[in-house]
Structures are given as C-alpha cells and as structure tokens.
Amino acid sequence: MQTDADTVQTEKYSVPFVERTGMRPLDKRRGYVNMLMPLTGNENHVGVMYMGAFTVLAEAAAATPAIDFLDKKRFFPIIKDMFVDFRKPAASDVTAEYCLSAADITALQADLERKGSAGYLAELEIKDADHVTVAHAKVTVKLLSHGYKK
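Under the working numbering, the residues of the sequence shown are numbered 108 to 257, in order.
Just so you know, these hints were derived from the structure itself, not from any lab.
Heads up, the beta-carbon is just placed ideally off N, CA and C, and yes, glycines get one too.
Among the clues, some could well be false.
[Said to hold, decoys possible] Using 25 Å as the maximum straight-line C-alpha spacing, the simulated DSS-like pairs for lysine-lysine come out as follows:
(1) Lys187 / Lys234
(2) Lys195 / Lys234
(3) Lys222 / Lys135
(4) Lys180 / Lys234
(5) Lys179 / Lys249
(6) Lys187 / Lys245
(7) Lys222 / Lys180
[As the list claims (entries may be wrong)] Simulated restraints on C-beta separations:
(8) Arg136 / Arg181: 21 to 27 Å
(9) Gly254 / Phe193: 37 to 43 Å
(10) His238 / Met158: 29 to 35 Å
(11) Met158 / Ala209: 31 to 37 Å
(12) Pro123 / Arg221: 15 to 21 Å
(13) Asp211 / His152: 39 to 45 Å
(14) Ala236 / Cys206: 20 to 26 Å
(15) Gly159 / Thr213: 23 to 29 Å
(16) Ser121 / Ala217: 24 to 30 Å
(17) Pro123 / Lys180: 19 to 25 Å
(18) Val239 / Arg137: 18 to 24 Å
(19) Met158 / Asp218: 30 to 36 Å
(20) His152 / Asp188: 25 to 31 Å
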C-alpha cells in the first residue's frame, strides 16, 4: 500500500524572484530534477548569463528533489551555504541536474523523524546548450521541521 511518504508531492514553494527568471524543470521525478535557466531575461550587459542566474539555478536544482518528497506541513528546506565555481561565460540557456537516490531519501526522512533536521551536500555541473560545463556548484541543503530548535 502506498503512503503519503511514498508519493511525490506536487505543491511548490513560490519565490517571486525565482519565478521571474523563467527557470523551469525539463524533467522531474522522485528524487531527480533537470532544471533549465533561460538566457532570455537573465543576460547581463554583454549578452551572457548573469552570474546571479547561475546561483539561483544551483539552489533550485539542489533543493527541488527534497522539496518534492517533504511533508510540507511538517518540514521545509533551506540553503545553508553555496559555492559556485564559474568556469566560462554562457551565451545560451543553461541546465543543472541533481539526483537523490532512494537510499538517500530514506536516510533523510529517518533523520527528519528522529532529529527534526537533516541535510546533504549537492554537487552539480551547470552546462550550456552545447553540454559544456560552464560552472560547478556545491550546495548544502538543510531540511528542518517547522518547530525545529537547535
């Protein structure tokens, strides 16, 4: 029998700033996302992807797999820290993907139930339309209960 914990929840956290970027998932399923950040609307004064758009994409790609399995009435994600290593300018849309395994999800859920908090380090590549890595990101995602007290 399938329980709520086994179901990918479709509710989303809405952040107007992020919504304005036009970023969207190309593929999303339990524990996995491939996000696209469009160049249009996110280019800088020389016509390449604005640096801030890379960070928004890294944050979303790292957190979305957890957002989808969380019981949002009890838990929420927050970014603890982030490092983005910019390797070259991107003059096209860019993508980033991240995956949490079934074992990762089980362990995170167990920590949430036991401690009220959990976390993971997401490492991901940001690639341009030619699949060239234009940035590498490390994002620490914390999952907390709404009543969590450290």
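Which hint numbers doesn't this structure obey?
Hints 3, 4, 10, 12, 15, 18 are the ones this structure does not satisfy, whereas the remaining hints hold.
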